[in-house]
Amino acid sequence: MRFLAPAAAALAVTLPVILALYFLRIRRPTRVVPALHLWPDAIRDRQANVPWQRLRFSWLLLLQLLVAAFLVAAAVQPALPASASVAAHTIVLLDASASMQARDVQPSRLDEARRQAGALVDQLGPQDRMTLIAVEATPRIVTSTVGDHAAMHRALDGVTATNGEADLSAALVLAAGAVRPGEDARAYLFSDGIAMPLRASFTTGLPFTVEYRRIGVSGENVALTSLVVRTSAQSRAAYVRVQNFGRQPRTVTLDWRSDAGLIDVRPLTLAGGQAQDVVLPVPDGATTVTAHIDTKDFFSLDDSAIAIARVPRAFRVLLVTPGNVFLEQALRLRPDFQLDVIAPTAYRGAGAYALTVFDRYSPGALPDAPFVMVDPPAGSPLAGGAPIGIGRVRASDAGDPLLNNVSLQDVHVARSEDLTSSSFGRALVTSVQTPLVLVRDQPFRQALFGFDIHESDFPLRIGFPILVQNLSEWMLPPTVPASSFHPGEPVTVVPEAGATSVAVVRPDGSRRPLPLGSIATFGDTDQVGVYTVEQTVAGRLDRSWFAVNLFSDATSQLSPIDNLTLPPAQLVGVAVAPHQGFLQIWPLIAILALVLVLAEWLAFHRGL
Amino acid sequence: MTSNPLLEPALIRRLESIALLVRRAVKGQMGGERRSISRGRSPEFADFRNYSPGDDFRLIDWNAYARLDRFMLRLFVAEEELPLSLFVDLSGSMDWGSPNKAQTAKRLAAALAYVALSSLDRVRLTVFAEGPTSGGAPYRGRHATQELFSRIDSFPVGGPTDYSRLVWPISRQRPGMSILITDGLGESAIDPAITALRLARQEGAVLQLLAPQEITPDWTGDARLRDAETGAEREFTATPVTQAAYRTALARRTDDIQAAARRRGLRFARLTTDEPIDDMVRRSLRRIGLLA
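Protein chains in written order, with our numbering: chain R, 1 to 608; chain A, 1001 to 1292.
For reference, chain R alone in the conformation it holds in the complex (with noise of 0.2 Å):
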């Protein structure tokens, strides 16, 4: 047996001052009672002010010496060698993704996870050290200390679930992070399996290995999956879709409300893994609509989802060419984009435009605002040097989002100005011998085409108007988006232009101001619900909305994986020396001196 707080043996010094208190002798008011005998032999010293007496029997005496006894052993914190050996350095990742809030397991998965994992912390010898890594969106090292039990504790209980999915590849990175090259480091995932796909290539292994405790039980999960409001010449409708994930069949009642009440309930009956879509309606003038199945399953997270049903606000957008029926017909795609063109003598500034797209005409001064600059002329501060037959066109990054859904496979380019050598931005789009499409961020969102799209076979490719698509709205987002954010998923916000103000309402009510002067990226987006996105423009509230939704099917699928894959160990230079844990057994001493400070408490009312 071994101490782990043997300070806490200080503590004794309450033993003999229990035993010199009953030493000492209490001044009693003298009381005549015309019959002694018939009064009980009853004594108790409770208080001492006159010093000094004979020690007598006391059973409360007996039983506060053990209180005492007791409650110094459980704090010197005896340990016994466990059975099991711990390694020198352990690390605990612990899931707190979005499906960990499932109480399939009671009180909850995450709550389940954090009392195997404290069990795991009472094992510890004071040398040993431990790190505790939350497994999340963006996983995080909560703390990592050396024998100290109760810092452990208390970091564990502040972990709380999240309502991202687990990136557990960030975590066994961030975990490998801090494993000193040759430690004995052992890591132990408490999860129910339901993480991102392993995406990091862990070539040379992990230095240490992972040893996966599951948690969870079941996977019956009725959840909806997606919601989405479209508008038609006819009518508006919502399209709600509704899954089973679990084995049983399941009838779930559907309420669908606008926020000026319920419009409609739906009873439906799900056979196990089926889904069903429901179309239904949206009234004129909701803000949001929203659905909610009761299913009483054990994840409620995937029981309601919430849209934005107002109109987007439109654009106005400024097309400057000289022709150019390409461009025009795909910006008239944008259904929120008004678009006047004009030729470039008409050209008097941008204005009120929110965009402006300029073809082979440059103006003496640039916007300060979005614009996209397409073959600027010879003389223009943005034109490039003199044109270049193009080879074959590529991606510069084959992942940018904005060349989402793009093919540039048998895209020809005749030729282009010759952009190597411009600051604009970066290379969206390139070539052997130049870059063809540059972008930037700052001060705005803005595009540099390089080539006169009639000298490209591009325009008549599906991937013109969706490459055009993706830059109007990473250049101007719809004030309502088509679809919700996922948790946790960054949402751009384009102030208004001369907005004095802008902040973003989350659904808790909490107020997040953004910075002026640019578009910002809002990343704070972890609950689900509405967020409101304020601006104040010329003293006016300005309001728009978005919709964060939990529409995982991953994180739906609540079924805790049995067999989680994971990265090999390859211990190089680690010297596992014999390490044994501990089994704590303070709070077996701890409560067996509440027991006994009960029987005090007895005995002192029994008159004892």
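What the hints contain is simulated information worked out from the structure, not anything from laboratory work.
Since this is a predicted model, take the numbers as computed values, not measurements.
Glycine residues also receive a C-beta, built at the ideal position from the N, C-alpha and C atoms.
Everything hinted at is true.
Here are some, though not all, of the chain A residues that point toward chain R, as calculated from beta-carbon distances under 7 Å:
1. S1093
2. W1096
3. L1185
4. E1214
5. A1223
6. R1224
7. L1225
8. R1226
9. A1228
10. A1232
11. T1242
12. A1245
13. L1250
Add chain A to chain R, keeping to what the hints say.
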């Protein structure tokens, strides 16, 4: 009478309408208002018996002689005095409580004595603590009231109780009525005194007198208890539990006295000092059949 502090004049007037109730006839030394086991002169016929020489020939029933041809004497119930003995506990334990038990006992004894004296009964007074002290020659007649009251009032209070010392004075009593007024809380057993009353053919009662504060103690906490009789001391901590234990012991002591009294054919009443003497006499003692 008005100068006597023991009993108020109004109370004394009310006591004149009360009499001691005797279950069986008694034999006294002088004529009184009690039926006597002696046959004597009175309007109430009792029995016949054969004439024997020396009998009062005036009592011969001549009608019976005519019918039976032998002398028969007519016997009448003699109305004689009732010998009432009062044994009053004035030990240290009686000097306690509010109202004080000893003072209440003196007043109760005075009231009972007055009831007896007003019925021309004979009253003998004995106070006791560690030992008995005679209250003097028997008192008879209302004119003795003042002297008896002064005597009762003059006795000091204190000392331990020893009931066994009462056996001798009790055994010397002529058959009659005896009333023992005590708190019954002495360390010595009360049984010898009660048994002696029975053996002395005493009809009577045991009146246990307690103060309300000793029936229900109203204090808790630490104290040094001192016995009112012996002066013995003991440290003590009063809790609800110990108070309950005391009350149980007191109830057991009362039950024992009551059981012993009834076993010997004596009446028993437990009186508390907060009860007015008038109520004690007219209500509590009537209830047990001691007074009529």
